[in-house]
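Q: Sequence:
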Amino acid sequence: MTKAELISVIAEEAGITKASASKALASYVGVVARELKKNGKLGLVGFGTFSVVKRKAREGRNPQTGKAIKIPAKKVVKFKPGKELSDKVK
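Per UniProt numbering, the sequence shown starts with residue 1, numbered consecutively.
No lab work stands behind these hints: they were computed from the structure. Be aware that one or more of the hints could be misleading.
[Claimed, not checked] Computed cross-link-like contacts, DSS-like style, restricted to lysine-lysine with a CA-CA straight-line distance of at most 30 Å:
id: 1; residue 1: LYS23; residue 2: LYS83
id: 2; residue 1: LYS80; residue 2: LYS56
id: 3; residue 1: LYS80; residue 2: LYS38
id: 4; residue 1: LYS78; residue 2: LYS90
id: 5; residue 1: LYS67; residue 2: LYS56
id: 6; residue 1: LYS75; residue 2: LYS23
id: 7; residue 1: LYS38; residue 2: LYS56
id: 8; residue 1: LYS38; residue 2: LYS75
id: 9; residue 1: LYS54; residue 2: LYS18
id: 10; residue 1: LYS37; residue 2: LYS18
id: 11; residue 1: LYS38; residue 2: LYS83
id: 12; residue 1: LYS83; residue 2: LYS54
id: 13; residue 1: LYS3; residue 2: LYS78
id: 14; residue 1: LYS37; residue 2: LYS75
id: 15; residue 1: LYS83; residue 2: LYS3
id: 16; residue 1: LYS67; residue 2: LYS88
[Unchecked claim] Listed next, with one range per pair, are the computed distances between beta-carbon atoms:
id: 17; residue 1: LEU6; residue 2: GLY82; range: 15 to 21 Å
id: 18; residue 1: PRO63; residue 2: SER20; range: 41 to 47 Å
id: 19; residue 1: GLY43; residue 2: ALA14; range: 29 to 35 Å
id: 20; residue 1: THR65; residue 2: GLY15; range: 51 to 57 Å
id: 21; residue 1: GLU13; residue 2: LYS80; range: 24 to 30 Å
id: 22; residue 1: GLU13; residue 2: GLY43; range: 21 to 27 Å
Keep in mind the model is a prediction, meaning the values are calculated, not measured. For each residue, glycine too, the CB sits at the ideal point set by N, CA and C.
Work out the full structure, taking the sequences as your base and the hints as a guide.
A: The structure is reproduced here in structure tokens:
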């Protein structure tokens, strides 16, 4: 599903315009990003938990040449689904 398709579905199911659905989605993404940057964790009961984890620096390989390269340390976002979401997907 693309972002445009998601906006259309949200608008249809909530009975709002696509413009309002787009603003709501943009707001949600912005709030999640700010909260992860500020506190490193965001939990939505029944949906799941977003968290920021640190990846250590490591050595990798260039797939074209096979030459060893250094991959720097960085922070990445991790998502762990909640029980309700897991049960709905099964």
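Q: Taking the numbered hints from earlier one at a time, note which ones the structure violates and give those numbers from smallest to largest.
A: 9, 16, 19
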